[in-house]
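**Student:** The lines below spell out each chain.
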Amino acid sequence: MRRLLQALFLLAGISILSFILLELAPGDFLGEAKLNPQLSPATLAALRHQYALDQSLPEKYIHWLGSVADGSFGISFAYNLPVSTLLWPRARATVRLTLTSLVLSWLIALPLGVWSAAGRNSWLDRGLSFATSALLALPDLALACLLLFVAVRTGWYRSSSLTLPVTVLVLAALPTLLRHVRSAVLDVAGQPYVRAARSHGISGARLWFRWILPAAANPLVSLFGLSLAGLISSSLLVETIVGWPGLGPLFLEAIAARDFYLVIGPVMLSAVFLVIGVLIGDLLLYLLDPRIRIET
Amino acid sequence: MKHWSVSRRLRISGLICLHVAVLAAGFLGPYDPTEQNRALSLQPPMKIHFADDRGRLHARPLVTAADGRRYPLRFFVAGARYRCLGLTSRTHLFGIDPPFRVFLLGSDEFGRDQLSRALWGGQISLATGWLAALLALGLGLGLGTIAGFFGGWRDMIVMRGADLFLALPWLYLLLAVRAFLPLSLSPWTAALAIAVVIGIIAWARPARLVRGVVLSAKERDYVYAARGFGASSWRLISRHCLPETYGLMATQAALLVPQFILAEVTLSFVGLGVGDPAVSWGNLLSPIRQLSIIASAWWMLLPALVVVFAAWCFSLLDNQGERNGVVR
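Top line first, the protein sequences correspond to chains U and V.
Each residue of the first sequence is one higher than the one before, counting from 137 in the working numbering.
Each residue of the second sequence is one higher than the one before, counting from 435 in the working numbering.
Just chain U, same shape as in the assembly (with noise of 0.2 angstroms):
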């Protein structure tokens, strides 16, 4: 309960902070409009007055909480359309993309992990850390160029599949969570209740699945919200370089035409996304680790 209030907070928070930065923007939507010896000034006025362009600061986030409230978040100048109409669909499309290469990346790199540790220095672990290292050093923007042009020359290329967008997210995500996830288990391994559990007798799968991997889950759930945080930004990135309809391209366009509420809009859902992903992470945490229950 105190961590959601704490998260409106932030929320609250970054909603001023962004009020404030675009309040310092010089010129807004009307400025182009201005030029245009069509539009009277009084024309202009008025419109200002429709738009709320003319009010003040706090008088403007006031209106903005109330759209929220009703569910519009603001109107958009370029499209004269409730932002929330243009945002939902956008917003459905990240999230299909981001949710995926999330559970994607997961599903792979704890299996991948688990077994190079358990294999230490061994041919598989060897040949996963140098993948990870080279990944590692590649930075998402190159990646996603590549394999854009690898999809393009080979021919698979259609870019109303999400294959191509999760591979580059998969692939960027990936050997962050190995190597935390292969590092968490080797921690556990070495500690002395598991040797011991080892001269008792007890190994194979009992020993992995029992005693190992429950334990090394905690600093794992913690990375959930992390490494979705990572993956909302490079979601921006590859959405714009292969041209999947998310936040993203829109968010760029809205920076362009100096579209104010459209700007607001995608920054407070990435914003909203990070902080329901770290909240489900401290809830996973909170059920899976005794003693933090017992803390709280």
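Please note that a few of the clues may not be correct.
Stated by the list, open to error - Capping the alpha-carbon separation at 25 angstroms, the derived lysine to any residue pairs in SDA-like fashion look like this:
{"hint": "1", "chain 1": "U", "residue 1": "K196", "chain 2": "V", "residue 2": "F614"}
{"hint": "2", "chain 1": "V", "residue 1": "K481", "chain 2": "U", "residue 2": "F285"}
{"hint": "3", "chain 1": "U", "residue 1": "K196", "chain 2": "V", "residue 2": "L619"}
{"hint": "4", "chain 1": "V", "residue 1": "K481", "chain 2": "V", "residue 2": "A500"}
{"hint": "5", "chain 1": "U", "residue 1": "K196", "chain 2": "V", "residue 2": "R612"}
{"hint": "6", "chain 1": "U", "residue 1": "K196", "chain 2": "V", "residue 2": "P616"}
Said to hold, decoys possible - Listed next, the stretches of chain U that the computed footprint assigns to chain V, with coverage defined by at least 3 CB atoms under 8 angstroms from CB atoms of chain V:
{"hint": "7", "stretch": "149-156"}
{"hint": "8", "stretch": "199-210"}
{"hint": "9", "stretch": "228-240"}
{"hint": "10", "stretch": "280-287"}
{"hint": "11", "stretch": "340-347"}
Since the hints were made in silico from the structure, they are not lab data.
As the structure is a computational prediction, the values presented were derived from the model and not from experiment.
All residues carry an ideal CB built from backbone N, CA and C; glycine is no exception.
Assemble the complex: chain U is given as a structure, and chain V must be docked to it using the hints.
**Tutor:** Frame of chain U; chain V shown alone:
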């Protein structure tokens, strides 16, 4: 230095070569990066030969020019005027005889030499990265020290502010802050603006780390003793707390500079960074956003490899822990 691994030494020499090459862009690049040549648009990279059209071997390398014939590469040729480290010069390391042009990395859709552009583009990209890291570390050091040393409401404000900045996915934050600057800026102003933007949004993490270090440093016995002898806050900070943060600052710098270079590349790539007549690695890559370019001109992807190389050189800390057995 002796215990450094081979790969680490390679990276460091790569880093030095990269910076030297980028600084000497005017000399190493055969042409002016903005010079257009519409007739020679989207030329593939030229092959270097040591045999001429009739199969005779030469010591001097030859390149296949646009007309399909081989021409000798000339060294230390006079070409476009450029400035390098405050000196004006016309000498370029190599070139071919005037009616033809040499494109070792190909040319873009306006017929500009990609090699020269990649070299010149590094200037803005690297400078932005370093400047942004300097800003972020400076801000983080200042605010983190204030928060850690004085505590109380100052600590409260700084740390809540840091939470705010850490709560957003970095790219959204970067773009949102970028949105409050004018869209079109002159190249160096844009680079400066981007550095400032990155510095503004990235201070939070170093500030948190510095705060932790300062918090523990100010509790040391000798700091209490110094305080008892009447040392001023300023002296306590500068003499006893800050020196403990130097190691942290160095590791942070090694982590942040490449991140910030990539941030600039990303911003310019999506068209919100350094604008067109000027070059940075980001807008060098932005033609790739058109599928037709990717499908027909593979060499437009080569700048991505330059970025990858730079990122690899900068990843100095990545494997170090692993090799020393810290991260097992």
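**Student:** Against this structure, judge whether each hint is valid.
**Tutor:** The hints, checked one at a time:
no. : hint              : verdict
1   : K196(U) - F614(V) : holds, 17 angstroms
2   : K481(V) - F285(U) : holds, 22 angstroms
3   : K196(U) - L619(V) : violated, 28 angstroms
4   : K481(V) - A500(V) : holds, 11 angstroms
5   : K196(U) - R612(V) : holds, 21 angstroms
6   : K196(U) - P616(V) : holds, 21 angstroms
7   : 149-156           : holds (count 4)
8   : 199-210           : violated (count 0)
9   : 228-240           : violated (count 0)
10  : 280-287           : holds (count 4)
11  : 340-347           : violated (count 0)
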